[in-house]
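Fit chains B and C to the known structure of chain A by using the hints.
Respectively, the protein sequence lines represent chains A, B and C. The first sequence begins at 0 in numbering that gives the first Met the number 0 and counts up by one. The second sequence begins at 0 in numbering that gives the first Met the number 0 and counts up by one. The third sequence begins at 0 in numbering that gives the first Met the number 0 and counts up by one.
Just so you know, the hints here were simulated from the structure itself, not pulled from any lab data. In this text, a Cβ means the ideal position worked out from N, Cα and C, and glycines have one as well. Take these hints with a grain of salt, some might be off.
[To be verified] Here are the simulated lysine-lysine pairs, DSSO-like style, with alpha carbons at most 27 Å apart:
1. B:K91 <-> C:K90
2. C:K56 <-> B:K278
3. A:K210 <-> C:K53
4. C:K211 <-> C:K239
5. C:K70 <-> B:K278
6. A:K210 <-> A:K29
7. C:K56 <-> C:K70
8. C:K90 <-> C:K62
9. A:K240 <-> B:K278
10. A:K210 <-> B:K120
[As the list claims (entries may be wrong)] Where chain C lies over chain A, by a calculated footprint (3+ residues, C-beta under 8 Å):
11. 174-185
12. 191-200
13. 203-213
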Amino acid sequence: MTENTKMATGVWVAAVAFAFLLPVICGYDKYILHVGITIAFNIALATSMWLIWTLGFISFAHAGFMGIGAYTSALLFTSLGWSLWINMWIAAAVAALFAFVISIPLMRTRAVYFFMASWAVGEVIKRVFAYYRGIFGGWDGIFNIRPPKIDIFGLDINFTSRVAYYYLALVCCALIVFAIHRIIRSRTGAIYWSIHESEILAQHVGINVLKHKVIAFTTACFFAGMTGALYAHYHTYINPKTFDIWQSEFSLVHIIVGGLSTLNGPVLGATVLTIVDELLRPAGWYRVIFFGVVIILTVLFLPGGLETVPARVRALVARLRGRSD
Amino acid sequence: MALDEFTQMTLTGINLGLMYALIAIGLTLIFGIMRIIQYAHGEFYMLGAYVLYYWSSVLKLPYWLGILVSAGTIFVIGAVLQLVLFRPLHGKNILYSLAVSMGLIFIISSGGLLTFGTVVKGIPSVVTGGVSVLGAFYTYERMVISIFSATLILALWFFLQRTTTGMAMRAVSEDPEVSSLQGINTRRIHWIAFGLGSALAAVAGCLMGTLLSIVPTMGFIATVKAFMIVILGGLGSVPGALIGGLIIGFIDSFVTTLISADVAYIIGFVTIFVILVFKPSGLFGQQWD
Amino acid sequence: MQLLAIDDLSMRFGGLTAINDLGFSVDQGEIRGLIGPNGAGKTTLFNVISGVYKPSKGSITFKGTEIGTMKPHRTARMGIVRTFQSITLFKNFSVLKNVMIGCHLNSNYSYWGALFNTAKTRSSEQENESRAREILEFMGLTQYVDDLAANLPHGHQRALGIAIAMAAEPELLMLDEPCTGMNPDETAEMVNLINKIRDRGVTILLIEHDMKVVMGICDKITVINFGTKIAEGTPAEIRKDELVHEAYLGSDFDAP
Numbered sequence: 000m001t002e003n004t005k006m007a008t009g010v011w012v013a014a015v016a017f018a019f020l021l022p023v024i025c026g027y028d029k030y031i032l033h034v035g036i037t038i039a040f041n042i043a044l045a046t047s048m049w050l051i052w053t054l055g056f057i058s059f060a061h062a063g064f065m066g067i068g069a070y071t072s073a074l075l076f077t078s079l080g081w082s083l084w085i086n087m088w089i090a091a092a093v094a095a096l097f098a099f100v101i102s103i104p105l106m107r108t109r110a111v112y113f114f115m116a117s118w119a120v121g122e123v124i125k126r127v128f129a130y131y132r133g134i135f136g137g138w139d140g141i142f143n144i145r146p147p148k149i150d151i152f153g154l155d156i157n158f159t160s161r162v163a164y165y166y167l168a169l170v171c172c173a174l175i176v177f178a179i180h181r182i183i184r185s186r187t188g189a190i191y192w193s194i195h196e197s198e199i200l201a202q203h204v205g206i207n208v209l210k211h212k213v214i215a216f217t218t219a220c221f222f223a224g225m226t227g228a229l230y231a232h233y234h235t236y237i238n239p240k241t242f243d244i245w246q247s248e249f250s251l252v253h254i255i256v257g258g259l260s261t262l263n264g265p266v267l268g269a270t271v272l273t274i275v276d277e278l279l280r281p282a283g284w285y286r287v288i289f290f291g292v293v294i295i296l297t298v299l300f301l302p303g304g305l306e307t308v309p310a311r312v313r314a315l316v317a318r319l320r321g322r323s324d
Numbered sequence: 000m001a002l003d004e005f006t007q008m009t010l011t012g013i014n015l016g017l018m019y020a021l022i023a024i025g026l027t028l029i030f031g032i033m034r035i036i037q038y039a040h041g042e043f044y045m046l047g048a049y050v051l052y053y054w055s056s057v058l059k060l061p062y063w064l065g066i067l068v069s070a071g072t073i074f075v076i077g078a079v080l081q082l083v084l085f086r087p088l089h090g091k092n093i094l095y096s097l098a099v100s101m102g103l104i105f106i107i108s109s110g111g112l113l114t115f116g117t118v119v120k121g122i123p124s125v126v127t128g129g130v131s132v133l134g135a136f137y138t139y140e141r142m143v144i145s146i147f148s149a150t151l152i153l154a155l156w157f158f159l160q161r162t163t164t165g166m167a168m169r170a171v172s173e174d175p176e177v178s179s180l181q182g183i184n185t186r187r188i189h190w191i192a193f194g195l196g197s198a199l200a201a202v203a204g205c206l207m208g209t210l211l212s213i214v215p216t217m218g219f220i221a222t223v224k225a226f227m228i229v230i231l232g233g234l235g236s237v238p239g240a241l242i243g244g245l246i247i248g249f250i251d252s253f254v255t256t257l258i259s260a261d262v263a264y265i266i267g268f269v270t271i272f273v274i275l276v277f278k279p280s281g282l283f284g285q286q287w288d
Numbered sequence: 000m001q002l003l004a005i006d007d008l009s010m011r012f013g014g015l016t017a018i019n020d021l022g023f024s025v026d027q028g029e030i031r032g033l034i035g036p037n038g039a040g041k042t043t044l045f046n047v048i049s050g051v052y053k054p055s056k057g058s059i060t061f062k063g064t065e066i067g068t069m070k071p072h073r074t075a076r077m078g079i080v081r082t083f084q085s086i087t088l089f090k091n092f093s094v095l096k097n098v099m100i101g102c103h104l105n106s107n108y109s110y111w112g113a114l115f116n117t118a119k120t121r122s123s124e125q126e127n128e129s130r131a132r133e134i135l136e137f138m139g140l141t142q143y144v145d146d147l148a149a150n151l152p153h154g155h156q157r158a159l160g161i162a163i164a165m166a167a168e169p170e171l172l173m174l175d176e177p178c179t180g181m182n183p184d185e186t187a188e189m190v191n192l193i194n195k196i197r198d199r200g201v202t203i204l205l206i207e208h209d210m211k212v213v214m215g216i217c218d219k220i221t222v223i224n225f226g227t228k229i230a231e232g233t234p235a236e237i238r239k240d241e242l243v244h245e246a247y248l249g250s251d252f253d254a255p
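Pulled out of the complex, with its shape left as it was, chain A reads as follows (with noise of 0.2 Å):
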């Protein structure tokens, strides 16, 4: 077990060590540098859902919390000026003030029914943006967001440079995912998992069950809302169709194929699957039915998800070599 675990830990350090020397490796190729920036995007969004999932739920609204950060951030740029710096966390702030607000109604529901109520959130969510033209713009969303600048001691970064962008993304996406490992780590987490088991028996030792389903819905929501604001001033266009229910179920899609037990899962779809998608990319419909087919032949025949590999390898060696003594 702790041979496993310093093994993951030196897996964690290598990717993270490889991400950041990533532009040099590639030459500072911009698309390579492009599918970076998506993944991280996609890693976020993907963990962040895995957040809520720890206590038993998956959160079809997710993207529409997405959405409405990336609407707040892009809406105080355009009519305030204001920088992503600032925007990012009122965006995260408001993203996570609607949740908290939804989630006291919404965490009434369980089960089916609560796949199905967040599912009428999220597509609220993006209909409200559809229908008011006057402040979000309808259809056609929002245009002309800028990435932010650095001027302070000498130091003079402009963030349309793709290279700055991807290590802003880099690092965003570092702090979610570490924030998310050490909620999950602690007790709250114990607690989280422990609601997830069984929510009858955590209330009755004198958990508040209520309360931590809204602390990690608002919780998730607020990373959701943060990569919201950071996806709109990358690509300095938005509208309702980038946050409806596909986006939600793309990173359903990844927490499912990477694995839905420990953080690595969401991390490892959302890379591998932005990846595969990105070389699919020419195949055109083609590339949608293999996502289908990715999909149901994981949980049909790797259940686990794409974490389990190793062990299931480590597993079928062990045995080989059983049957050779």
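Same frame as chain A, but now just chains B and C:
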């Protein structure tokens, strides 16, 4: 609001409502019996419409027989998919069956775009002419389709109430454990329900495709509507799905005409959210855990 | 001293009355048996006391405080902890972690402390673990500390259920059929355990169908049928009671 306009909207409401009810009854049967979220339900609605399109527009074969062929084809596809994909997941977290049906959406809708093309198509109608009702023009086509949907729903009702298989389906829906103890072959009921539910969606697809037009992406909207209706009427409740279908049909007809389609959606989603939170069993359903 | 007092309590579900004008009280330090035929409303009573259901009428006071409207986590904080008729555990957790979750209630915990893993959190976590180990030793489960709860034998799963409850440091422990599905050896062990728990100063309210167990360890027994109290007294008195015999139709009631 003028009387003719009102009549027009009412007739459209009934028309839409009955077809929505067909899709939703299919979905609620599948949910009630298997307790899974069949998220790809609308895709069978789309496939059903295309089967009829190829049958009657391309092969020029008889229209009404085409509906039967479409229902039969989709029944087989649904039953096979249940046996291959959903049976192994029975009893596991609903997340897994949800994921599989998501995979099916990806495959079927993209496969549809590749096979059928993105061009909007129409199924020629077999009934022409119409009549004036209280100042509103009511085509015979819509009348026939409404009657056909209503008859089919009634037939299904009889099937569930009077036949052995139908009663077994209701029993499984009410209590899977007890009914399997009583000797009901629940595994058989599962694939029958899945096939039947999908076939109902296919028939609705045929009718809607005749009235309006067909595109490979029409499935997801149908899923959305079906879920709204099923939640409104109560998960697993057939009468609930019928009444829910009519309610959503009327909302769509009136709100879309008078305000906008976006508002109709927002009202629909807010309503189902409120229902899920405060009365999760819907108007007629039972509470599941 | 009176610990729990139930007064004029009713619980209705739609047209069905599960508990009907029930009243009794439990003194500190006693083992109180709660018996009655199937469907008499015993488990419903546990659910009402622990806060799963809000009573339709009447009052429940615990240490002089009205707890009728409290949710389960609040009643647990007041000192009322219950176990479940069907074994309810955190099945995919280790035995130790199961009990540590139970300890949560009485430990020093804050969200921010947990997030930043402060010194205070770490020491509280260690304290929790040693308390959990102590409880597992007390319950005779030390050998299973690192095992998955789902893998325990049935009897020990029941004991673990009680260990989790004990971790929450109850003043009133409500046990719902702790001996169900146990062989005579396991039952004897459980009886022994219940006595040991009482010796720690915990008051016990016990639902049990095994009359040997009930008659053997209870100080007093309350008999309910159709949601109302039909008799109350020491085991010897209950054994002689006419009404009780009628309710049970002489079934397994003649056992010593």
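Inset, instruction - Verify the proposed pairing of K70 of chain C with K278 of chain B, using a straight-line Cα cut of 27 Å. - result: Between K70 of chain C and K278 of chain B the Cα gap is close to 20 Å, so the pair holds against 27 Å.
Inset, instruction - Measure nothing beyond the straight line between the CA atoms of K211 of chain C and K239 of chain C; if it is 27 Å or shorter, mark the hint as holding. - result: 15 Å, holds
Inset, instruction - Test coverage of the segment 203-213 of chain A by chain C using CB-CB distances below 8 Å; three residues minimum. - result: holds (count 6)
Legend entry - Distance restraint between K210 of chain A and K120 of chain B, which requires alpha-carbon spacing of 27 Å or less: At roughly 52 Å apart (the allowed maximum being 27 Å), K120 of chain B and K210 of chain A break the hint.
Inset, instruction - Count residues of the segment 174-185 of chain A with a Cβ under 8 Å from any Cβ of chain C, then say if the count reaches three. - result: Answer holds; 4 residues pass the 8 Å Cβ test.
Inset, instruction - Given the hint that K56 of chain C pairs with K278 of chain B, test it: the Cα-Cα distance must not exceed 27 Å. - result: 24 Å, holds
Inset, instruction - Could you grab the alpha-carbon distance between K90 of chain C and K62 of chain C and see if it respects the 27 Å cut-off? - result: Violated - the C-alpha atoms of K62 of chain C and K90 of chain C are around 33 Å apart, more than 27 Å.
Inset, instruction - Measure nothing beyond the straight line between the CA atoms of K240 of chain A and K278 of chain B; if it is 27 Å or shorter, mark the hint as holding. - result: Violated, at roughly 30 Å.
Inset, instruction - Examine the segment 191-200 of chain A: at least three residues should have C-beta closer than 8 Å to a C-beta of chain C. - result: holds (count 6)
Legend entry - Hinted pair K56 of chain C and K70 of chain C, Cα distance within 27 Å: 16 Å, holds
Legend entry - Holds or violated: K210 of chain A to K29 of chain A, with C-alpha atoms at most 27 Å apart: Judged against 27 Å, a Cα distance of about 45 Å means the pair is violated.
Legend entry - Holds or violated: K210 of chain A to K53 of chain C, with C-alpha atoms at most 27 Å apart: 20 Å, holds
Of the hints listed earlier, those the structure fails to meet are numbers 6, 8, 9 and 10, in rising order.
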